[in-house]
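Trainee: Single-letter residue listing:
4 protein chains.
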Amino acid sequence: MQLLDPLFGSEAVCGIFSEAASLQRMLDFEAALARAGASVGLITVAAAEAIGAQCRVENLDTKALAFAAADAGNLAIPLVKQLTRRVELVSPDAAAYVHWGATSQDVIDTALVLQMRDALAEIERSAVELCHQLSELVLNHRGTPMVARTWMQQAVPTTFGVKAAGWLDAMLRHRERLAELRTRLFVLQFGGAAGTLAALGKRAQGVAEALARELKLGLPEIPWHTQRDRVAEAGTVLALCVGSLGKMARDIVLLTQTEVAEASEAGRPGKGGSSTMPHKQNPVGCAVILAAAERVPGLAATLLHAMTQEHERGLGNWHAEWETVPEVFRLTSGAMVRAVEVIRDLQVHPEAMRANLDKSNGLIFAEAVTMALAPGMGKPKAHQLLEEASRVTVSSNRHLRDVLSEMHEVQAAFDKASLGALFEAKDYLGSSEQFIESVLQRAHEADKKNTR
Amino acid sequence: MQLLDPLFGSEAVCGIFSEAASLQRMLDFEAALARAGASVGLITVAAAEAIGAQCRVENLDTKALAFAAADAGNLAIPLVKQLTRRVELVSPDAAAYVHWGATSQDVIDTALVLQMRDALAEIERSAVELCHQLSELVLNHRGTPMVARTWMQQAVPTTFGVKAAGWLDAMLRHRERLAELRTRLFVLQFGGAAGTLAALGKRAQGVAEALARELKLGLPEIPWHTQRDRVAEAGTVLALCVGSLGKMARDIVLLTQTEVAEASEAGRPGKGGSSTMPHKQNPVGCAVILAAAERVPGLAATLLHAMTQEHERGLGNWHAEWETVPEVFRLTSGAMVRAVEVIRDLQVHPEAMRANLDKSNGLIFAEAVTMALAPGMGKPKAHQLLEEASRVTVSSNRHLRDVLSEMHEVQAAFDKASLGALFEAKDYLGSSEQFIESVLQRAHEADKKNTR
Amino acid sequence: MQLLDPLFGSEAVCGIFSEAASLQRMLDFEAALARAGASVGLITVAAAEAIGAQCRVENLDTKALAFAAADAGNLAIPLVKQLTRRVELVSPDAAAYVHWGATSQDVIDTALVLQMRDALAEIERSAVELCHQLSELVLNHRGTPMVARTWMQQAVPTTFGVKAAGWLDAMLRHRERLAELRTRLFVLQFGGAAGTLAALGKRAQGVAEALARELKLGLPEIPWHTQRDRVAEAGTVLALCVGSLGKMARDIVLLTQTEVAEASEAGRPGKGGSSTMPHKQNPVGCAVILAAAERVPGLAATLLHAMTQEHERGLGNWHAEWETVPEVFRLTSGAMVRAVEVIRDLQVHPEAMRANLDKSNGLIFAEAVTMALAPGMGKPKAHQLLEEASRVTVSSNRHLRDVLSEMHEVQAAFDKASLGALFEAKDYLGSSEQFIESVLQRAHEADKKNTR
Amino acid sequence: MQLLDPLFGSEAVCGIFSEAASLQRMLDFEAALARAGASVGLITVAAAEAIGAQCRVENLDTKALAFAAADAGNLAIPLVKQLTRRVELVSPDAAAYVHWGATSQDVIDTALVLQMRDALAEIERSAVELCHQLSELVLNHRGTPMVARTWMQQAVPTTFGVKAAGWLDAMLRHRERLAELRTRLFVLQFGGAAGTLAALGKRAQGVAEALARELKLGLPEIPWHTQRDRVAEAGTVLALCVGSLGKMARDIVLLTQTEVAEASEAGRPGKGGSSTMPHKQNPVGCAVILAAAERVPGLAATLLHAMTQEHERGLGNWHAEWETVPEVFRLTSGAMVRAVEVIRDLQVHPEAMRANLDKSNGLIFAEAVTMALAPGMGKPKAHQLLEEASRVTVSSNRHLRDVLSEMHEVQAAFDKASLGALFEAKDYLGSSEQFIESVLQRAHEADKKNTR
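Chains as they are written, first to last, in my numbering: chain S, 44 to 495; chain Y, 44 to 495; chain V, 44 to 495; chain Z, 44 to 495.
Hints listed in this document are in silico derivations from the structure and should not be mistaken for laboratory results.
Hints are not guaranteed to be accurate.
Said to hold, decoys possible - Taking lysine-lysine and the DSSO-like style, the derived pairs with C-alpha atoms no more than 30 Å apart in a straight line are: (1) V/Lys245 - Z/Lys245; (2) S/Lys459 - S/Lys402; (3) V/Lys124 - S/Lys402; (4) V/Lys459 - Z/Lys245; (5) Z/Lys469 - V/Lys424; (6) Y/Lys402 - Z/Lys245; (7) Y/Lys402 - S/Lys245; (8) Y/Lys491 - S/Lys492; (9) V/Lys245 - V/Lys124; (10) S/Lys469 - Y/Lys491.
Claimed, not checked - Ranges of calculated distance between the beta carbons of each label pair, as one might list FRET restraints: (11) Z/Ala89 - V/Ala309: 54 to 62 Å; (12) Z/Arg160 - V/Gln390: 24 to 32 Å; (13) S/Ala222 - V/Asn493: 44 to 52 Å; (14) V/Gly249 - Z/Met44: 52 to 60 Å; (15) Y/Lys491 - S/Gly261: 17 to 25 Å; (16) V/Ala309 - S/His442: 42 to 50 Å; (17) S/His487 - Z/Pro135: 54 to 62 Å.
Unchecked claim - Residues of chain S placed beyond 10 Å of chain Z at every Cβ, according to the derived structure: (18) Glu62; (19) Arg128; (20) Leu132; (21) Ala164; (22) Leu260; (23) Arg338; (24) Glu452; (25) Arg485; (26) Ala489.
We treat Cβ as the ideally placed atom computed from N, Cα and C, and that holds for glycine.
The following block holds chain S by itself, in its conformation from the complex (with noise of 0.2 Å):
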């Protein structure tokens, strides 16, 4: 476990991604090629066992590993070495049959994939969650009136119910994108050494086939050991996913500040506290995934330009890869945790909505008077009557009602009631139940989806 993984990671998505699960599954896929190979009749069923037996990642020296992938350019090479050596002392005639056919990318690439989909699989579950949480957000917020605010200026009403469907809407438009995604991802590499599998010969398509059966892979058309847009996608689709994340995350802490106080992470003893102010709540879950959605895009970037690698094997940009994807999938993670914590224990303060939706002196209705005002007198005139009115209230401090109280263009149009009438919050949420409903029935659908 690095020091950082439980603030930025989570638990399940590190430890797929840990030194010993990423070399346990490149011997998993060494066992595998063994199995497939015996399932053709290309080795024996006991040289198949005699490897498997072996591949467990306690038989490594790591170490060694770690050391001899520096002269060796990759880990896969020094893996294969050590495993037949251990083979050898077991079954000498097994040995020779460890790694038949393949190539170092095969392995890594493989293993890759293999940990890609425990990973996905982990992130989805969290994406479930969180639209399950954020829903019931919006159910208990759906008439919980707000100011919506543009430009970070007060604008006119919303309700906390439409803020948290906008979340609730892009999150399952990564379920989507999350989805479409595995069909692509989830294949074998196997191509041996600069993919025509040419040392296989005539089996070389049985075997490829047995081995995508045995690691419950797809079987791609071809090769990709240099065409990354497999891996490259699955970097952009987690992006954009934290992008989202960010964004929902970006909205809270504006929400969380003293003089806001509309929302707060929950505390508890030990959480979000300060070394020298003992009064300080912090956001952190909040500051994990805005952390995560400030260093994953250089990430995706990072996949997107290593795409150009040359001829049948990368040099350089293959090897960019190694670190930069896992680290996608560890800070997506950790941001998704993050976000099902902060969404599930999310304090939302209705009593302060109330009370900032108050702040502007009645200025969030301006619009509300314009479009009352505006079927009399037109829109322009009405526009600019209340930027008038707005004026005055700015420099008189004063409430926009009774500003407009006192023009008699506003009296010819309404008594004193009805201007007033304009001024409800609840009466100036337009379309904000319907958004709502076709919000939720798509969460809706979406589980049933899932669920098939």
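For this one, chain S is given, so just place chains Y, V and Z on it according to the hints.
Mentor: Chains Y, V and Z in isolation, oriented as in the chain S frame:
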């Protein structure tokens, strides 16, 4: 037209994102909004027509617009003002209804969606054309042997058909991605001041539906002013596409090196010549593609980063999209159009490929010999023996076959003719044919799906 | 002018990188090259004059140039052709000497250096002006108490002067960096076909020296066609600068939030208004700065990435610089000019700052009380006591002072007046004054250094 | 040690940023703070010693620390808690003074500065060593002719000395940049809760000065908690450095291609071998450098992006630095160490360079002939004539000299011997010698400056 548009962009896509076309798309939104309003009785048909009649880019003072945008913070505000003034001259009544119920971002985002729809159609058209060109290239060279290179070193034999099939395979996946993108991306943006459509009251849904119909766009569950995953996804899908084009161009420029000379970009007078070196024939098309592959990842990262937009309207991050999205489309389209040209006119030199197959003194057949010896002596021993023979080959500058023929382990295994036969590229191509077949089959299916 | 130039760029720098100015700079190189040739007797003075006379951008057919560049792969080749044809009409003899000894990249890079020199002068001018504005702001508000915020939560008191001094401090470092950049960046590019100046034979050094003199550029040790650290450094130094401007803008927009209201961007008719909400006053200047801070890092990364250029001329990666470098300068200059405006016109609201200091019910003085109690009871115990009191303060919505006054440990330590005195912001400002003094002193020294 | 540290990092720098070393650096800060407090009489010398005695990483429960950091939001809070508890066991009095006056970020940032100082010393040491290796390479090959390549096509002759001098020239500028960075970067971070040092009252400056002295760091004008230009600058300066290393590695791998074979990375048993192809000798060192050049730009962009930190403590963006900065140092140091190795052991093959000079049938001398003909017939005509002759050369596969010798314009200009003499690489090297001289001279001066 920008000075470097013909070099870096495609004519079609540069046109779609030209200043005039961009402003016209915003005016198209305003005209459609007026018609939508009329269709639900919000405004009169006459007013809608009066507004629509003025929605022509020729009516705008674009210079004034540009300066006003610097103060307003976006183009839509001064555009609506100019439009309103124009309509006022003709019909003061109609002027009152310009932009009714919409916010600046509704105009700007929807116009962008319309442009992206047109631009993606162009890019997909090019992608289809590129797949056709690549299929033909694969077919023509399925039997053209060449050397496969890993780490930029000669490795084992392959065919040019396999290499080109790899390029085609990736492009087929990009067509899938582009198709999946459509339903998410081609939707209306319409939320009014802060996403509730409150200004339109009960007629909001009717106007929204009519507006979507007018513009032939989908109606999203909820406005998405600060949920930017749709836009960022467009950027990343194009970036993936450019990455694969870059890989193809990288391969080609490596092949066109004077010392390799296995392929060349077709020249024509004025194309690829040097200002000082009359003999030069520069791969200009590939340079353009590689430039795109160098630039688009950073732009995609910007779009991903910009997703954390505040509350109901982004501040700075939304603005960051405005020039970035068109740039991504421009560079992608330019790279795509060049790729079609490069592949269509590519000059392939099979004789040079053949000559380069001979350049390693037989070393590229080391694996073939290893695999032939392995059944007899075990792979580790075979591998070791070939390492030794390879060293001697290099140090003595003799042919591997000759070195091997003097080793008694080899003599024991093969007679001279059998040994010689191991050095035939065409007999060491493994599953090349099947891989090519599978990819071409998928290309065929993609076309059938496309035309349905 | 581009439609969004007035919004995102500065007039001066957009002018410097306009198409006409860019082409003129290339022609300036050709004219200077001719004069340099004449000065060492390589060509006649008459020929140099004939060439120089044609080196005016008005003489070019820029549209033809744009299309020719698409084939040629750069603008210099067709530009030299057009220029040569023009010279031929006047003096066929002189035409023979156009571009003598230079390569396309010599023209393009040197023109770029000349533009960067002009643009950096503009940016430095703005930086100096910004430092003056900031110094004044610091002076005016060195004693204006406000709340410091960590994790976007109220923390302890500070002054607005300290905050602004932080902005100023960074900007002073950027002026240093910009100055250090100059000697490395303002150098000639002149290497001929592949960096040896072979075509000029023995006169090469003479021409190079004369050319550098003509253009008032340094003469580098060796041509740097594919050593791009100079160009990339310019990009990163500007990116650092934009990052600090972004930090300043981020602070300001947080202060301008309706609920905080401690500062606001000055409005004027047409500036920052909303299309639908007449009362809105949007921080347009800060949005422009933040948009730059969002975009420039990705562009800088592109320049860094593009450094791995091949052999003696980059392929694609050099091309990737052409639009990226001007974009970085444009966005930086735009952000800088806006920053000057924003700071010059910034409306600071000390009364709101004061009001916000009271908003936490005294919690922002928790540290002050802790430190006052610590000498007596030890810091851990004091910290614990304040944590407890803070909790009670929050749950009971009472003032921390009142909660504390009831705790006997506190009563034991302070009388009521002494306790009350701990809640004075102006008495808990620590070294604020000294910090401000040091920064202003450095600002003063920077100006003295500048004028020397 | 991470599994891929020996491959991608340097031992020294991986050690400096190891978990243990990082935590120790934070403890070093706490110990120094205690001593500084004692030096101004804030705490007793005995307390300072008691604290200092516990400041050993072995005393920490790092696993507990990691989990606590997930709640606390950073490592410093739980570290201070653990330290305080340890001190309490020994001296409850002293425990009260642990971390006195400091905030978490003071600890974390100062520890980072100390690590960066150590790591930069390592990187500069490597840079100096690399310059020495490069100087020797330049000297050894100042007269080794080879072909210069533009657009990856053979262009004109140059020498390997000139190419290596270009690499050296860039590295000398990086040494300058690294030196300039020092005074800005090696400063204390010490501001207390929110940058005013209020908790230390009148003794603040005394403590700060003593603390800076203790740690041998500069004392900045003002704390820089959210002014991150220093940190981001370190990232960009290293990124520039890596970019130039990447350019060098790119050149070398292009030279090591089987078909070019002008250079090769030295092999040794276990280095660069292939798992399937016994004859392969992969340029592992260059791959590592290129991987760094692929990754660091995105990481630098993250640091640039993360500069817009909020108010007095960043939220998420500061967190984004924590793993990014060490990664940049690790990759840079790894690339640097590999570069030293690659250059030190580089095998240069002058005979292959010579052979490749002949590969174009004389076309690389086209410019030389053009320039020789130009004085007589004018450059345009000469250029045109050579274009024609080049075409014939290519289509007829004859030598350019032979083609030219049959053209009467050429016969008129030269006799056979004079024509032949134009095809000597060593006579068409222009200012190569002077360029090399200038660069070596600067390298010499850099060393003198260094030792002063």
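Trainee: Taking the hints in turn, state whether each one holds.
Mentor: Hints versus structure:
{"no.": "1", "hint": "V/Lys245 - Z/Lys245", "verdict": "70 Å, violated"}
{"no.": "2", "hint": "S/Lys459 - S/Lys402", "verdict": "21 Å, holds"}
{"no.": "3", "hint": "V/Lys124 - S/Lys402", "verdict": "67 Å, violated"}
{"no.": "4", "hint": "V/Lys459 - Z/Lys245", "verdict": "24 Å, holds"}
{"no.": "5", "hint": "Z/Lys469 - V/Lys424", "verdict": "82 Å, violated"}
{"no.": "6", "hint": "Y/Lys402 - Z/Lys245", "verdict": "79 Å, violated"}
{"no.": "7", "hint": "Y/Lys402 - S/Lys245", "verdict": "27 Å, holds"}
{"no.": "8", "hint": "Y/Lys491 - S/Lys492", "verdict": "28 Å, holds"}
{"no.": "9", "hint": "V/Lys245 - V/Lys124", "verdict": "26 Å, holds"}
{"no.": "10", "hint": "S/Lys469 - Y/Lys491", "verdict": "53 Å, violated"}
{"no.": "11", "hint": "Z/Ala89 - V/Ala309: 54 to 62 Å", "verdict": "58 Å, holds"}
{"no.": "12", "hint": "Z/Arg160 - V/Gln390: 24 to 32 Å", "verdict": "42 Å, violated"}
{"no.": "13", "hint": "S/Ala222 - V/Asn493: 44 to 52 Å", "verdict": "60 Å, violated"}
{"no.": "14", "hint": "V/Gly249 - Z/Met44: 52 to 60 Å", "verdict": "57 Å, holds"}
{"no.": "15", "hint": "Y/Lys491 - S/Gly261: 17 to 25 Å", "verdict": "21 Å, holds"}
{"no.": "16", "hint": "V/Ala309 - S/His442: 42 to 50 Å", "verdict": "25 Å, violated"}
{"no.": "17", "hint": "S/His487 - Z/Pro135: 54 to 62 Å", "verdict": "60 Å, holds"}
{"no.": "18", "hint": "Glu62", "verdict": "5 Å, violated"}
{"no.": "19", "hint": "Arg128", "verdict": "14 Å, holds"}
{"no.": "20", "hint": "Leu132", "verdict": "20 Å, holds"}
{"no.": "21", "hint": "Ala164", "verdict": "23 Å, holds"}
{"no.": "22", "hint": "Leu260", "verdict": "21 Å, holds"}
{"no.": "23", "hint": "Arg338", "verdict": "5 Å, violated"}
{"no.": "24", "hint": "Glu452", "verdict": "43 Å, holds"}
{"no.": "25", "hint": "Arg485", "verdict": "29 Å, holds"}
{"no.": "26", "hint": "Ala489", "verdict": "28 Å, holds"}
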